[in-house]
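Use the sequences and the hints to build the structure in full.
What follows is the residue order along each chain.
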Amino acid sequence: MSTGGSHRWVVLSPLSLFLLAVLSVLPLWVQDEYLLQLLISSLLLGSQAMAFDFTAGFINVINFGFSAFVGAGAYTSALLVLHWGISPWLGPLGGAVASAALGFFSGVLTLRLQGIYAAVMTWFVGLTLLSLTASLSGLTRGYRGLNVPLFLETAARRPYFYIIFGVTFLTFVSLRWTGSSRVGLAFRAIGQNLESARASGVNPTKYRVINFTLSCAFAGLLGGFYAHFLGILTPDVMHSRQTVEVLALAYIGGRGSLWGGLVAAFIFVPLFEYLKPLMELRLVIYGVLLILVMIWCPGGLAAIYTQLKQQVRWPFMQR
Amino acid sequence: MILELQGISKRFGGLVALKDISLNLDEGQILGLIGPNGAGKTTLLNVISGSLRPDNGYIRYQGKEISKLSSDRRCQKGISRTFQISRPFSKMTVLENVMVAAIFGDRSQKQEPPRDRALSALRFVQFSIDENTLAENLNTVQLKRLDLARALASNPSLLLLDEIAAGLTPLELADLVGVIRHTRERGVTIIVVEHLMRMILRLCDKIVVLHYGEKIAEGTPEEICQDKRVADAYLGENYLL
Ligand SMILES: Nc1ncnc2c1ncn2[C@@H]1O[C@H](COP(=O)(O)OP(=O)(O)O)[C@@H](O)[C@H]1O
Ligand SMILES: [Mg+2]
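Taken in order, these protein sequences are the chains called Z and F.
Counting from 129, one number per residue, gives the positions in the first sequence under our numbering.
Counting from -16, one number per residue, gives the positions in the second sequence under our numbering.
Think of the hints as simulated: they come from the structure by calculation, not from any bench.
Yeah, the Cβ is synthetic: ideal placement off N, Cα and C, and Gly gets one too.
Each hint should be verified, as a subset may be incorrect.
If we take Cβ atoms under 8 Å as the criterion, some of the chain F residues that face chain Z in the derived model are [said to hold, decoys possible]:
(1) Ser54
(2) Asp55
(3) Gln59
(4) Arg64
(5) Arg70
(6) Phe72
(7) Ser73
(8) Lys74
(9) Met75
(10) Gly88
(11) Arg133
See the structure below:
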């Protein structure tokens, strides 16, 4: 499946392995539940940003309904656990399957369209999912909120950190691996130049649908984990406000990098938490940041990192 | 006959870009497609490669009607093309650019891995830059060469070249003519769009002249040189002969 030389087989660079290792031992020092909660939130949003970037940064289609797919996974998982007695550990898989199916069908419907039309259609799909969830209150309890069984009995944050860390890791490695495979090459070709991709034999609709379905599957999986971590769901999880936040993180992180969104989450989620008075202005600030990134540094944090890498030779990096 | 166009027309709004074009192309031939700017040469290549649908007419390739096939299907069936204005995958390396076509454009059962086929396409076009360079760092001439390698990597039977000689030095031009001849020796049929008459006359078995979307002449290089309508159409154009 690998596209390039042997280095492609190594999905994770030494630096990302190092950072992940640091992250994984962090809770051994961090005792504060509140800090742990922040780390978990960063992981949750960061992994969503990666799944979002898998579509935006690769095939160049912006899924404005992204959070609705996260929410669909969350509700599916919760309802499976509540009504069918499935273990919360399996629920998210059901959520992934449900969101993937939704993604597949909306992909088939929308992804024949060109960029902006496809984006507008994903937005409509998101709105539809949101209002469905809100109005099917017999099932979802609508805005009164749905109580969801938790993964664990304990209220301690540290076990949850490791659960979410595991899912984030899985998301990162899977997306990264797919992105550097042959299929990933088709994704990037479509995203970078549709006409040339076609002229090279790539069927755009097919690979867009594959990409969109995969991204939605991960959205659903993450939604499921979100549900059994948080313990309560309201249709607000599907709101486009959530999508905008995920989009901002992915773009600030650097489109097409995957990891950029995760790094951005670890910067901005805690930052906003400490700037509580600014919480209300969060979307405005994200908007301003987005504009700044687009003007000054379209490649986001990932591009800054690449530039640094060319100037500085890290001791633990080859070449 | 590898390619047969019958009554192809294409309008853009009120503009008639192609008007009732018919032409036949035998396997292994090199066809030169010439005409002043705006004559409809690129449009005709777009119609053959499938990026544009003609308003009328049919296209038969290797004996089969292909008008309804998308451009990616046509590429897989062996029609590949270069672009007059290069459209690289800019954030990919040179090698990756070519590998896209080697993987997705070539459906023949090959033992050789796509990476090797991509590398040999690069070698074939005498691409001299490191294959790990990002395409966004290449200049126009290098991009055209890359585009040619990409088009060849899908292992075409019919190759459409849209002004790939633009901006080349005489030495590079001689190299390119060599590459095109070599490609034909491998059994590839080629349509060359080019303004350089010297190159066209040296290279082509047959020449078709377009003028405001109409085919005004067709023949061997000698016939075209003596054709009065061609001389009239090119009146004032100083690149003829
Ligand atoms: N996509 C398009 N939309 C509108 N007009 C076009 C389009 N493509 C080409 N044309 C017009 O069709 C005519 C033929 O263009 P083209 O095939 O590019 O000519 P050539 O390649 O011979 O220079 C020109 O007048 C051009 O402006
Ligand atoms: Mg042209």
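Evaluated hints:
no., hint, in the structure
1, Ser54, "holds (4 Å)"
2, Asp55, "holds (5 Å)"
3, Gln59, "holds (5 Å)"
4, Arg64, "holds (6 Å)"
5, Arg70, "holds (4 Å)"
6, Phe72, "holds (4 Å)"
7, Ser73, "holds (6 Å)"
8, Lys74, "holds (6 Å)"
9, Met75, "holds (6 Å)"
10, Gly88, "holds (3 Å)"
11, Arg133, "holds (6 Å)"
Consistency with the previously given hints is maintained throughout, with no hint failing.
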